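The residues making up each chain are set out below.
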Amino acid sequence: EPEVTQTPSHQVTQMGQEVILRCVPISNHLYFYWYRQILGQKVEFLVSFYNNEISEKSEIFDDQFSVERPDGSNFTLKIRSTKLEDSAMYFCASRNLAGARNEQFFGPGTRLTVL
Amino acid sequence: GNSVTQMEGPVTLSEEAFLTINCTYTATGYPSLFWYVQYPGEGLQLLLKATKADDKGSNKGFEATYRKETTSFHLEKGSVQVSDSAVYFCALPGNTDKLIFGTGTRLQVFP
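Top to bottom, those sequences are chains A and B.
In case it helps, our numbering puts the first sequence at residues 567 to 681.
In case it helps, our numbering puts the second sequence at residues 8 to 118.
Derived by calculation from the structure, the hints in this document are not laboratory data.
Any given hint could be a false lead.
Claimed, not checked - Here are the in silico distance ranges between beta carbons for each label pair:
#, chain 1, residue 1, chain 2, residue 2, range
1, A, I586, B, V89, 22 to 28 Å
2, A, E567, B, S21, 48 to 54 Å
3, B, P118, A, R646, 45 to 51 Å
4, B, K63, A, T579, 22 to 28 Å
5, A, Q583, B, A60, 47 to 53 Å
6, B, F25, A, R646, 38 to 44 Å
7, A, V578, B, G8, 24 to 30 Å
Claimed, not checked - Sample of chain B residues lacking proximity to chain A, with all beta carbon distances greater than 10 Å (derived):
#, residue
8, V18
9, K75
10, G101
11, T110
Quick caveat: nothing in here was measured; it's all calculated off a predicted structure.
Ideal placement from N, C-alpha and C gives every residue a C-beta, glycine not left out.
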């Protein structure tokens, strides 16, 4: 069964450093998302992406964040200058055009630790 | 905008006990409703869904019925197992296509 994959599973970085989180969505999916979950808290929407552009972003997704689909398979989230409060689990998700409305398939997540 | 409220956890049960995790929602129209599960150390998995009022979603012995009269989508299972220990999230779409999640309910099942 196809699945969303994410790398790395755990990333440790120093405050102020840039990080890139990588995702490979399910191959025939067209809508891509990033969510994050601060430890012990709810899952929060960051950004959605369709047709090579951002469809929607939350107030969390400020100028320090960017997303890119550099080729036909990868979908990346970049944090330019990490802050301590960026420490969280980051989930990538994807959805196809024909699926039940808003059924999104999630990857296993990348745990980001900012020191 | 759309929102979801979920009962606080943790819920602690003995194996074979009956489980209910409450979820109520506020929404414009009748969006699809979802339950996602997060097992320890893993990502989010779709557990079940319902796409219209009075639909019942079911999977792995879990059930939830989309009730528009009470704006609820409570998760139930007749006999829980230790392997059901996880965090359960109720979710629905926002006004766009992002998902809005509840705060999550941790279920702990003991033998």
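Now for the hints, and whether the structure bears them out:
Take A/I586 and B/V89: their Cβ atoms lie about 38 Å apart, and the range 22 to 28 Å is violated. Distance hint for A/E567 and B/S21: a CB-CB separation of about 33 Å, inconsistent with the stated range 48 to 54 Å. Checked against the given bound of 45 to 51 Å, the beta carbons of B/P118 and A/R646, roughly 48 Å apart, stay inside it. Distance hint check for B/K63 and A/T579: the Cβ-Cβ separation is about 45 Å, which falls outside the suggested range of 22 to 28 Å.
A hinted range of 47 to 53 Å holds for the C-beta pair A/Q583 and B/A60, which are about 49 Å apart. A C-beta distance of roughly 49 Å is found between B/F25 and A/R646, which places it outside the suggested range of 38 to 44 Å. Between A/V578 and B/G8, the C-beta spacing of about 35 Å breaks the proposed range 24 to 30 Å. The Cβ of B/V18 lies farther than 10 Å from every Cβ of chain A, with a closest approach of about 16 Å, so its non-interface assignment holds.
In this structure B/K75 is separated from chain A by more than 10 Å, as the shortest Cβ-Cβ distance comes to about 17 Å. At the 10 Å boundary, the C-beta of B/G101 falls inside the reach of chain A, the nearest C-beta of that chain being 7 Å off. Residue-level check failed: B/T110 sits 5 Å from the nearest beta carbon of chain A, not beyond 10 Å.
Checked against the numbered hints listed earlier, the structure breaks hints 1, 2, 4, 6, 7, 10, 11; every other hint is satisfied.
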